[in-house]
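Got chain A; can you put chain B on it based on the hints?
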Amino acid sequence: MDYRDSPAEAEFRARLRAWLADHNPGLPASSTDDEYWARQAEWHTALYDAGFFGLSWPARYGGHDLPTVFDVILDEEMAAAGAPPRPSLGYLVQGISTHGSDAIKDRFLPGLINGTERWCQGFSEPDAGSDLASLRTTAVRDGDEFVIDGHKIWTSYSDVADWCILLARTDPDVPKHKGLSAFAVPMDQPGIEQRPLVMINGVTKEFGQVTFTGARVKAENMIGEPGEGWRLAMTIVSHEREPGELGYVARYAKTVKGMEHEVHADPGAFRPDQHEAVAWAHVQTEMLRLHVCRRLSERLDGVDHGPGGSIDKLLMTWVEQTVGSAALSVSGARSVVDTEDVALKTYLYSRAQSVMGGTSQIQKNIIATRILGLPTS
Amino acid sequence: MDTRDTPEQAELRRAARQLARALAAGSVGELDDTVRAGRLAAAVRDAGWLELRDDGGDGTPLAGGEEAAIVADALAGAVADVAFSGPVLAGDLARRAGLPGAAGAVVAFAADLVGPAVVTGAAITAPCFAVDPDSAHADAALVLVGDRDADGHRLARVAVTGDAATAPGTDLTRAVIEIPPGAAVTEVSGQTRLLAADDLAQWSALGLALTTADLVGVMRGVLDVTVAYAAERKQYGVPVGSFQAVQHLLADAHCLMEGSLSVALHASWAVDNLAPADALEAGRVAKAYASRAARTVCETAIQVHGGIGNTWECIAHVYLRRALLSTQWFGDDGVQLRELAATRLGVRA
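Residue numbers (my numbering), protein chains in the order written: chain A, 1 to 377; chain B, 1 to 349.
Here chain A stands alone, though its shape is the one from the complex (with noise of 0.2 Å):
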């Protein structure tokens, strides 16, 4: 049990601090200002060429090969410094990387890591949510290509998107979980229209929704074989469900150390429940920090795919629920008064978290049945 740095990770924050002191773009949170998303590419650009972006990834195709914990000192840094959190596409590329052919892995994986190439992911629609196995997106060979009809809908970064990860249905002839198949589906094509979703907090440019009417796609940009995208589709959620793949830490630290920054300032004009409650909210990310210090030390003998990923899903949405709860308790009247309050959108943000990434019911599901052993009903 050592959680102090080794040389190496003691060179890499000292970098990565110096680097962070001159380069804060100074961008608001991702969950509560369109403007994060208008200059996401932008940051994610400068954190690439910097050498600080895919750090456990494949050196092959863009990482640096570092052992995930590297991950945790980015996350921890980018606190600290009130950077806005690393774009998170770890589980893009678990997916990829775990189900692709080499071709496809060096066709995409370049693109995705140093920013070139945007994705969105299209797996949920308006009619297959939890129960995502009865989506209804078909994609019929038609010749070297397939050609895809369907309506997908929760699709973050639809409207900057270069490529869709979509799961369409192949062969509507054998089990549902069994028909699916994976593509990398280029955006940019008349079959193709995609509409914002706006989300009760005003944010609109993570959430939208896609039409496919006879768009199209090449065989080749099929990932994994036919018939594969359930499995490829449950490697993508299983890590979308990690804090440590999504570098979440960091946005809850910082909002966080905002609030202890305001409560610090002038703790008379608070009460002892809103004391408490930042306190609470500390306590909280905390937790979620050492929780990913111990998830990523454990894969240091590799990467584990397992439902355990349920449980820090479960426990990051609680933490983010917290800190929501916090913002607003410290925000107090402002919140009612001034529609523009971060408080205000910090918190309605957070109720998404319970949902978004397989809801907090299907995570006790998985929970309850796979890890406890209790049996299905």
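It is worth saying that the hints were derived from the structure and are not from the lab. This structure is a prediction, so every number in the text was calculated from the model and none was measured. Virtual Cβ for every residue (Gly too), placed ideally from N, Cα, C.
According to the in silico footprint, chain A covers these stretches of chain B (three or more CB under 8 Å from chain A):
{"no.": "1", "region": "233-242"}
{"no.": "2", "region": "338-347"}
Here are some of the chain B residues that sit facing chain A, going by a computed Cβ distance under 7 Å:
{"no.": "3", "residue": "Asp2"}
{"no.": "4", "residue": "Thr3"}
{"no.": "5", "residue": "Val227"}
{"no.": "6", "residue": "Gln247"}
{"no.": "7", "residue": "His248"}
{"no.": "8", "residue": "Leu250"}
{"no.": "9", "residue": "Ala251"}
{"no.": "10", "residue": "His254"}
{"no.": "11", "residue": "Cys255"}
{"no.": "12", "residue": "Gly259"}
{"no.": "13", "residue": "Val263"}
{"no.": "14", "residue": "Val285"}
{"no.": "15", "residue": "Ala288"}
{"no.": "16", "residue": "Tyr289"}
Same frame as chain A, now just chain B:
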């Protein structure tokens, strides 16, 4: 950074859990088996675990905070009715005063159980409490002598006249013995150092780490019992654990235990590896989180056991009672959050 157990730590964890499983009471009725309890106490003593924080010869403890926490967690996981944290904490405090160990004494705590009793005269004037005394040696407790704003404290002894084996207590597995006002304070010879604020901060950090580890063990143990019960108990012809309403309670509880383990491990490492103030803060974060978590987890265990969970014979309340003592000892979540607000937000009492 590598937060995993070293091979030696993993072996200690395995051995301590095995010993606890073999010798702790498997049911409420077995708590009355004094022969078994005697074997358990002897095994813990013989393993050398009560001296883990005694002087190793050069002023440093025989083992780190991590190892002490590993044993605390293992014993709590089986609700082992044996003294451990009490003697270990006394050994740690005695070592900081330059003594080789505490010679079987435990520390006397002020009535709120948050910190050690501090005396200025020849006898104590307010009741204090010996927590988790080793029944074989429970004749004395250590108190701090001197004003709180002095350069440092010396240690002194007060006599413990109650019997650990028969003392009534909320925790059915560890004793708390009241030391009444008027008890004489006697000198402890051989001290070579005054206990400074940093010593007490580090010692409190150890106390927070051990009580947090105890809470993690309680959560793991009571969840094992409860998940097994839910898989076996049938209603409507199926195991109650097949109902989502029950599954979700247990899933929540499991996550709370996992999160608590993550903070507990860090707090145990922090004791000897961070500056005193930082170690103390790590302990406060861990204790605040695990106190709230353990309360919920134990309450869930009682709920999932249904009617039987509310009877004396069900072991769930033995875990809850142990959690209640570990929560109060060195301060509950409210105490820790107040202290964190003071240090992080500048809130003055």
